[in-house]
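With chain A's structure known, arrange chain B on it following the hints.
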Amino acid sequence: MAVPEGLKDGWTISTAIICALAVTPVAAVVYLALTPEPGDDIWSHLVSTVLPDYIITTVGLMIGVGIGTVLIGVSAAWLVTMCRFPGRRIFEWAMLLPMAMPAYVIAYVYTDILEYAGPVQGMLREMFGWQTGRDYWFPEIRSLGGAISMMTLVLYPYVYLLSRAAFLEQSIGVLEASRVLGRGPWHGFFTVALPLARPGIVIGLSLVLMETLNDFGTVDFFAVNTFSLGIFDVWMNMSNVSGAAQLATVLLLFVALLVLSERYARRKQRFHNTSSKYQALPGLRLRGKLGLLAMTICALPVLLGFVLPTWILIEYAVQYFDPLLASEIAGYAWNSIKLSLLAGGLAVVVAIVIAYSVRIRGGQVLTSLSRLASLGYAVPGAVLAVGVMNVLGPLDNSIDAYSRETFGISTGLIFSGTIAAVTFGYLVRFLALSLGTVEAGLGKITPNMDGAARSLGHGALSTMRRVHMPLMRTSVLTAVMLVFVDCMKELPMTTILRPFNFQTLATFVHQYASDEQLGEAALAALSIVGVGILPVILLSYAIARSRPGHGQVMARPRQKNKMSKGSR
Amino acid sequence: MDGLHIHGVHHAYGDTKVLQGISLTVPAGELVCLLGPSGCGKTTLLRLAAGLERLQAGSIAIDEKVVAGDGVKVLPEHRRVGYMFQDYALFPHLDVTDNIMFGLFRWSGEEAKARTAEVLRQVGLEQHAHKFPHTLSGGQQQRVALARAIAPKPRLVLLDEPFSGLDTNMRVRIREQTLNVLKEAGVATLMVTHDPEEAMYMADRIKGMGEGGNVLQSGRPTEIYYQPVDEYVARLFGPVNEIVTEARGREVKTPFGVVPARDYADGDRVKVLIRPESFSLSNAANGSNSRRVEVSASHLLGDSSLVEFRLADQLDDSENQLFKVQIPGNFDPLDHTRVWIGLAPEDAFVFAGD
Numbered sequence: 257m258a259v260p261e262g263l264k265d266g267w268t269i270s271t272a273i274i275c276a277l278a279v280t281p282v283a284a285v286v287y288l289a290l291t292p293e294p295g296d297d298i299w300s301h302l303v304s305t306v307l308p309d310y311i312i313t314t315v316g317l318m319i320g321v322g323i324g325t326v327l328i329g330v331s332a333a334w335l336v337t338m339c340r341f342p343g344r345r346i347f348e349w350a351m352l353l354p355m356a357m358p359a360y361v362i363a364y365v366y367t368d369i370l371e372y373a374g375p376v377q378g379m380l381r382e383m384f385g386w387q388t389g390r391d392y393w394f395p396e397i398r399s400l401g402g403a404i405s406m407m408t409l410v411l412y413p414y415v416y417l418l419s420r421a422a423f424l425e426q427s428i429g430v431l432e433a434s435r436v437l438g439r440g441p442w443h444g445f446f447t448v449a450l451p452l453a454r455p456g457i458v459i460g461l462s463l464v465l466m467e468t469l470n471d472f473g474t475v476d477f478f479a480v481n482t483f484s485l486g487i488f489d490v491w492m493n494m495s496n497v498s499g500a501a502q503l504a505t506v507l508l509l510f511v512a513l514l515v516l517s518e519r520y521a522r523r524k525q526r527f528h529n530t531s532s533k534y535q536a537l538p539g540l541r542l543r544g545k546l547g548l549l550a551m552t553i554c555a556l557p558v559l560l561g562f563v564l565p566t567w568i569l570i571e572y573a574v575q576y577f578d579p580l581l582a583s584e585i586a587g588y589a590w591n592s593i594k595l596s597l598l599a600g601g602l603a604v605v606v607a608i609v610i611a612y613s614v615r616i617r618g619g620q621v622l623t624s625l626s627r628l629a630s631l632g633y634a635v636p637g638a639v640l641a642v643g644v645m646n647v648l649g650p651l652d653n654s655i656d657a658y659s660r661e662t663f664g665i666s667t668g669l670i671f672s673g674t675i676a677a678v679t680f681g682y683l684v685r686f687l688a689l690s691l692g693t694v695e696a697g698l699g700k701i702t703p704n705m706d707g708a709a710r711s712l713g714h715g716a717l718s719t720m721r722r723v724h725m726p727l728m729r730t731s732v733l734t735a736v737m738l739v740f741v742d743c744m745k746e747l748p749m750t751t752i753l754r755p756f757n758f759q760t761l762a763t764f765v766h767q768y769a770s771d772e773q774l775g776e777a778a779l780a781a782l783s784i785v786g787v788g789i790l791p792v793i794l795l796s797y798a799i800a801r802s803r804p805g806h807g808q809v810m811a812r813p814r815q816k817n818k819m820s821k822g823s824r
Numbered sequence: 056m057d058g059l060h061i062h063g064v065h066h067a068y069g070d071t072k073v074l075q076g077i078s079l080t081v082p083a084g085e086l087v088c089l090l091g092p093s094g095c096g097k098t099t100l101l102r103l104a105a106g107l108e109r110l111q112a113g114s115i116a117i118d119e120k121v122v123a124g125d126g127v128k129v130l131p132e133h134r135r136v137g138y139m140f141q142d143y144a145l146f147p148h149l150d151v152t153d154n155i156m157f158g159l160f161r162w163s164g165e166e167a168k169a170r171t172a173e174v175l176r177q178v179g180l181e182q183h184a185h186k187f188p189h190t191l192s193g194g195q196q197q198r199v200a201l202a203r204a205i206a207p208k209p210r211l212v213l214l215d216e217p218f219s220g221l222d223t224n225m226r227v228r229i230r231e232q233t234l235n236v237l238k239e240a241g242v243a244t245l246m247v248t249h250d251p252e253e254a255m256y257m258a259d260r261i262k263g264m265g266e267g268g269n270v271l272q273s274g275r276p277t278e279i280y281y282q283p284v285d286e287y288v289a290r291l292f293g294p295v296n297e298i299v300t301e302a303r304g305r306e307v308k309t310p311f312g313v314v315p316a317r318d319y320a321d322g323d324r325v326k327v328l329i330r331p332e333s334f335s336l337s338n339a340a341n342g343s344n345s346r347r348v349e350v351s352a353s354h355l356l357g358d359s360s361l362v363e364f365r366l367a368d369q370l371d372d373s374e375n376q377l378f379k380v381q382i383p384g385n386f387d388p389l390d391h392t393r394v395w396i397g398l399a400p401e402d403a404f405v406f407a408g409d
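Residue numbers (my numbering), protein chains in the order written: chain A, 257 to 824; chain B, 56 to 409.
Mixed in with the good hints, there may be bad ones.
Unchecked claim - With a cut-off of at most 25 Å between alpha-carbon atoms, the simulated SDA-like pairs for lysine to any residue come out as follows: (1) K545(A) x L698(A); (2) K186(B) x F445(A); (3) K700(A) x G193(B); (4) K545(A) x F445(A); (5) K128(B) x R721(A).
Said to hold, decoys possible - Simulated restraints, written as ranges between beta carbons of each label pair: (6) I793(A) x T190(B): 18 to 28 Å; (7) L628(A) x L377(B): 55 to 65 Å; (8) R523(A) x K238(B): 47 to 57 Å; (9) S718(A) x E252(B): 37 to 47 Å; (10) S718(A) x S163(B): 11 to 21 Å; (11) L437(A) x S351(B): 35 to 45 Å; (12) R161(B) x G343(A): 51 to 61 Å; (13) I346(A) x S163(B): 54 to 64 Å; (14) F187(B) x L733(A): 17 to 27 Å; (15) P82(B) x S718(A): 31 to 41 Å.
Calculated from the structure, these hints are not laboratory results.
Where a beta carbon is used, it is the ideal one built from N, C-alpha and C, also for glycine.
Excised from the complex, chain A in its bound form (with noise of 0.2 Å):
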């Protein structure tokens, strides 16, 4: 309403290429799996060879990070939310802090301290006066195992915050029912309010999975032959363009019914908020050995994800430092930041004719766009990869081809390997991120509020100017927040997109990291880690003002674009 009447039609023009632009990559990878190069078609081959191992390996860690984060994060939301121990109030934020730790990191500094060669077994092997690694039986930790604890470590935070939202909304009134009638608050638990978490619980859970489909430093470190990582596989070392993407084809489909049990969940999530005041929960008291088991359930996950690992990168970062090197990661900090800046200034752009161009025209045909848009945040970084190297590659060639066709001159690769493609992988997989936060402050801008702007005698411009800007300044800064510190922590898009010796934060410690170099990568991965903590803080900062029963608004968790985006 805003907005004069002529730029209507621009609006909507510019959202529906905007879409068009988002949906490309990942049409790109289905349409070269349908159609591969006569010579490239393994398909039979991959399935007879390692399409198994790759299915088997990466349902199995789905599996156990799934099972690891909803013990980890329903247990936890359950005992900060119902119950009152030492520390509750500390560990209600404290339990997010992992969610700054990329889970490559954690993996580099665990195989680290972890392997035969590491401080853990050297000191067992001094007590025990083990002489070989046949004397005694240890865990490896660069196996499926391994990385299912990396991720669980670093992933469960996902399903706390929405566990936490879910058990936050539970009215009071029906555990109080339960009591009265006669249960005891364990089955109260088991029976009453763990069945209406569900759909929060599968929420946090789906996104969880989305990130474990997403990963690629860990994998690759681990050398857990995964979907991700057989893309890259049969890509770089087989030089198998039609095959990787028949692989992220496959890897589609389970992205694609990640995404659709999430929506399922949402649906069943909205009949379940009855009230929307937060009673002062009654919270149960743990005294003694109970509530020092309660602080120990709480506590490892934060020590073992957050704590330990940072503490190691910094005694590292300290031992190794040499002003040199600093320098040196200098120049690659601010590669990484140039990147995301770029990405998050871009992604907030996009978000704001998207958003705006919903509520002006509004209509089923922008909404759906819109959603269609924001589909990226669910697809992994190698499949987008794939799209993105194989949609700029032939654009550049036929610019090319058409520039020496009329000017006689070659233009050479415009996009390709260059920080373009970086931006626009980035824009695409996390555009979700800018458009929910940009639509879910520009929601709080009811259109009445445009109206008395208007007949209070202001035109559009000076609405847009004197109501619109000032209320959405903190959203477009969170926005461009969460996606730059998203950018900054990126590692496969990075790793393939990438102008050509072209260094940022995550390639670096991935490449010194995999090198056994992880002294020397310390500072960078702090540097890493530090950036994320920015969103881990506004969280913290969110909950620590929603107390429950001051009837305000639940924090919702770094992924509330992902959240709010299908719950309409």
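Leaving out everything else, chain B in the frame of chain A:
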């Protein structure tokens, strides 16, 4: 004539017709109230008058100038209309003063400040001038919204369910204050509500609106309350007692005496509607139109009582029918108390039966 003139306005959202040929006039200085059920297009009409909705058919003029229709479309910011939204739509990032000053940007600084102080005093919020909306109570927010709407001295004020967000006690106080402020401003005001009491308290004239988005009856509160043109308008003012019977010899016989049949002929099925507050109740027979009944229940409503009784009567359809009577004061009868129910014939409305 100054004020708002709406002529022949039709409006539809997709296939849903919400307004069908509505015409009305709000003279300057008068408060006109649209009374109707929710979903009858009342809010749409306000939005059309303010220019927030595109006019589809008809015309709208303010102070003799067409603002919409006949190829004219004046943007909302140029209409000089004060709009008070049902959700108040206060700007959350501005304090009370800045919310009110928002519409005074064309005034000089001194004048704007003076005007803001003036309207703040009118609505009694001088002490809250620098608070932010979310720290105010519902009633205070309502008054900020009113102050903001009237501050730029609009030619027309539109009020959309202005008291619906308030609790009962607050509503009565705020209603009185709002009426005073509007009368002081002497501005043409169009208000929509579904609350008949509110409409009768506030309005110089009431327009009863039907589901079809048209005006069924227009008149002063007493006219439309005491002489509804049809059953629908009668029911806009609350639940009524209903007797279905037949007209005989230009009269209709009811358990409470005979009432005039108006122009219904012999044998016509008619419906007699009687408001609960139209009955009188006494301990002795009072004229011919009264009847002795046994009270079955009585509820104290505060300043009035709702008395219920049943009639097992020879009249068709009214077998053991429940009647409700509302009388002033407390009426606390013993069980099976018998009282006399009286009815003035002119207080019974006779309309065609089904």
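So, going through the hints one by one against the coordinates:
1. K545(A) x L698(A): violated, 48 Å
2. K186(B) x F445(A): Violated, at roughly 43 Å.
3. K700(A) x G193(B): holds, 18 Å
4. K545(A) x F445(A): Judged against 25 Å, a Cα distance of about 20 Å means the pair holds.
5. K128(B) x R721(A): holds, 24 Å
6. I793(A) x T190(B): 18 to 28 Å: holds, 26 Å
7. L628(A) x L377(B): 55 to 65 Å: For L377(B) against L628(A), whose Cβ atoms are near 58 Å apart, the range 55 to 65 Å holds.
8. R523(A) x K238(B): 47 to 57 Å: holds, 52 Å
9. S718(A) x E252(B): 37 to 47 Å: holds, 40 Å
10. S718(A) x S163(B): 11 to 21 Å: holds, 18 Å
11. L437(A) x S351(B): 35 to 45 Å: holds, 38 Å
12. R161(B) x G343(A): 51 to 61 Å: Given about 58 Å between the Cβ atoms, the range holds.
13. I346(A) x S163(B): 54 to 64 Å: Between I346(A) and S163(B), where Cβ atoms are some 55 Å apart, the hint holds.
14. F187(B) x L733(A): 17 to 27 Å: holds, 21 Å
15. P82(B) x S718(A): 31 to 41 Å: At roughly 32 Å between Cβ atoms, S718(A) and P82(B) fall inside 31 to 41 Å, so the hint holds.
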